[in-house]
Amino acid sequence: MTDFISIFIHVILMVSFLAYPYMSKRDVAFGIKIPTSANEDDDVLKIRKQFLGLTTLAGITFIIIQLINNSEKVLMISIFISVVVYILIYIMAYRQMKSLKSEKQWKVGPNTTVIDTKFRNRKLIVSPKWYLLYALVVVLSGVVSILKFDELPDVLRIQVNSIGEVTNTMPKDKAILYLIGTQIIVMLLMVFVQVIIKKAKQDISSQDTEQSIKNNVSFRFMISIILYVLGLIVGIVMFMALLFSFEIIKNENTFVIITLVLTFVPVIVLIAYSVKAGQDGSRLSDVSSDVIEKEDDEFWKLGLIYYNPKDPAIFVSKRVGVGWSLNHARWQTWAMFLVIIAFVVISILLSK
Amino acid sequence: MILSIDMVSDIPIYTQICHQIIKSIAMKDLQEGDELPSVRSLASDIGVNLHTINKAYNILKQDGFLVVNRRKGVVVNGQAAYASNAVYEEGLKKHMETLLIESIARGMDYTLIDEMVKSIIEDVKGEF
Numbered sequence: 010m011t012d013f014i015s016i017f018i019h020v021i022l023m024v025s026f027l028a029y030p031y032m033s034k035r036d037v038a039f040g041i042k043i044p045t046s047a048n049e050d051d052d053v054l055k056i057r058k059q060f061l062g063l064t065t066l067a068g069i070t071f072i073i074i075q076l077i078n079n080s081e082k083v084l085m086i087s088i089f090i091s092v093v094v095y096i097l098i099y100i101m102a103y104r105q106m107k108s109l110k111s112e113k114q115w116k117v118g119p120n121t122t123v124i125d126t127k128f129r130n131r132k133l134i135v136s137p138k139w140y141l142l143y144a145l146v147v148v149l150s151g152v153v154s155i156l157k158f159d160e161l162p163d164v165l166r167i168q169v170n171s172i173g174e175v176t177n178t179m180p181k182d183k184a185i186l187y188l189i190g191t192q193i194i195v196m197l198l199m200v201f202v203q204v205i206i207k208k209a210k211q212d213i214s215s216q217d218t219e220q221s222i223k224n225n226v227s228f229r230f231m232i233s234i235i236l237y238v239l240g241l242i243v244g245i246v247m248f249m250a251l252l253f254s255f256e257i258i259k260n261e262n263t264f265v266i267i268t269l270v271l272t273f274v275p276v277i278v279l280i281a282y283s284v285k286a287g288q289d290g291s292r293l294s295d296v297s298s299d300v301i302e303k304e305d306d307e308f309w310k311l312g313l314i315y316y317n318p319k320d321p322a323i324f325v326s327k328r329v330g331v332g333w334s335l336n337h338a339r340w341q342t343w344a345m346f347l348v349i350i351a352f353v354v355i356s357i358l359l360s361k
Numbered sequence: 016m017i018l019s020i021d022m023v024s025d026i027p028i029y030t031q032i033c034h035q036i037i038k039s040i041a042m043k044d045l046q047e048g049d050e051l052p053s054v055r056s057l058a059s060d061i062g063v064n065l066h067t068i069n070k071a072y073n074i075l076k077q078d079g080f081l082v083v084n085r086r087k088g089v090v091v092n093g094q095a096a097y098a099s100n101a102v103y104e105e106g107l108k109k110h111m112e113t114l115l116i117e118s119i120a121r122g123m124d125y126t127l128i129d130e131m132v133k134s135i136i137e138d139v140k141g142e143f
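Protein sequences, first through last, are from chains U and A.
Just so we're aligned, residue 10 is where the first sequence starts under our numbering, counting upward by one.
Just so we're aligned, residue 16 is where the second sequence starts under our numbering, counting upward by one.
In short, the hints are calculated from the structure, not lab data.
Quick caveat, the model's predicted, so the values are computed rather than measured.
Positions of the beta carbon are idealized from the N, C-alpha and C atoms, including for glycine.
It is possible that some hints are incorrect.
[To be verified] Computed, partial: chain A to chain U, Cβ under 10 Å: (1) I17; (2) S39; (3) A41; (4) A58; (5) S59.
[What the hints assert, rightly or not] Simulated restraints, written as ranges between beta carbons of each label pair: (6) A/M42 x U/V270: 38 to 46 Å; (7) A/T113 x U/G118: 51 to 59 Å; (8) A/I37 x U/P318: 29 to 37 Å.
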């Protein structure tokens, strides 16, 4: 079982990096703004081919290494190393694109920002009433804990490794608080993700405004639905983890298989939709232009990190891949990082 | 409505916002009670300082086009609040004087000015 899981994780990692050039906005190549017509340019295609070749080569190497020495320890290290390697391959492509751009001297169009004042009144995210299902999962966990409390053993298993050995236990009252507390935090986080999808800065093209608004709206709504479902699945999985700790679910293999199938389905749907629609739905229509629209490379460090002190926006569209990122010039961004680190540290301390 | 802001223009961004909102009101794209984004939200979307949006909204509030509604935020005011009056007409006359005097000095044809006025009104109202 572990063999299969670790190979699968490596394949998903490789595929999501390979998909990068196909999900980014059509006027961005490896973090650099280009005219959409330049996507057929031979030199741009050459950089893309090289990126795809190197990423495939690295990915296959990692899969082989994993196959030779398939253990959980190797997996943890190789995931980390592979992500670093993939990012280095990306940065190489970014640098090549950057120098190609200064060579090519593509025409830069007018720097126009287009805003739909009714954007946030459109259907961007799932209706908030659906959050009730998130709450229901937490309530259900609470009810089961109360009903079963007296029958439970004094010490509960809260962590099991892939061969079924119990690696961490806790006294039952502490364990229940820990499991339900994590559930609440994760559910709140998934609601926060929906808020980000709604609030994130508009990124509407000035070339085909009406269509661009439509694409942006349907992209946000689809991603909202997929992430909502993913959140619900994570909630259900955490509920199952609780049942597993209570030894209501006995077999650890069934638990692992259900978890994997349930979580990978939305992840694969997410990748597939991202390739189809492109970042911000930009690939839903195919307007081609010979000019660079809205030159803003200077604010994107390595094409990855947005840093613009003059922009009050906190959540912005990502440059590479799909989704949203943060304006790293705002203090709120760093406050959020601190909160996340605090949560991680607290949960590690509590589980000790 | 769609705001289209030229980020490198000589015309200040708050002026562009004012002009476009007034134009939308003139074209009936924006009507009484229509909500506009909050200062923070609009500033974030355009990517400019909050003061820029505040300035535009304050000018439009002073001129009666916008009003703050306790529940809905910034909304378009009723027509009566910004209806043309003697004071406004006096100001407009002064503006036009400056423009027309230059065109007279340059010896421009009156009928051309007449056509210009007609075409501008036609563009906005769809009729004359």
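Hint check:
no., hint, result
1, I17, "6 Å, holds"
2, S39, "9 Å, holds"
3, A41, "16 Å, violated"
4, A58, "5 Å, holds"
5, S59, "4 Å, holds"
6, A/M42 x U/V270: 38 to 46 Å, "55 Å, violated"
7, A/T113 x U/G118: 51 to 59 Å, "34 Å, violated"
8, A/I37 x U/P318: 29 to 37 Å, "31 Å, holds"
Comparing the model with each numbered hint stated earlier shows that hints 3, 6 and 7 do not hold.
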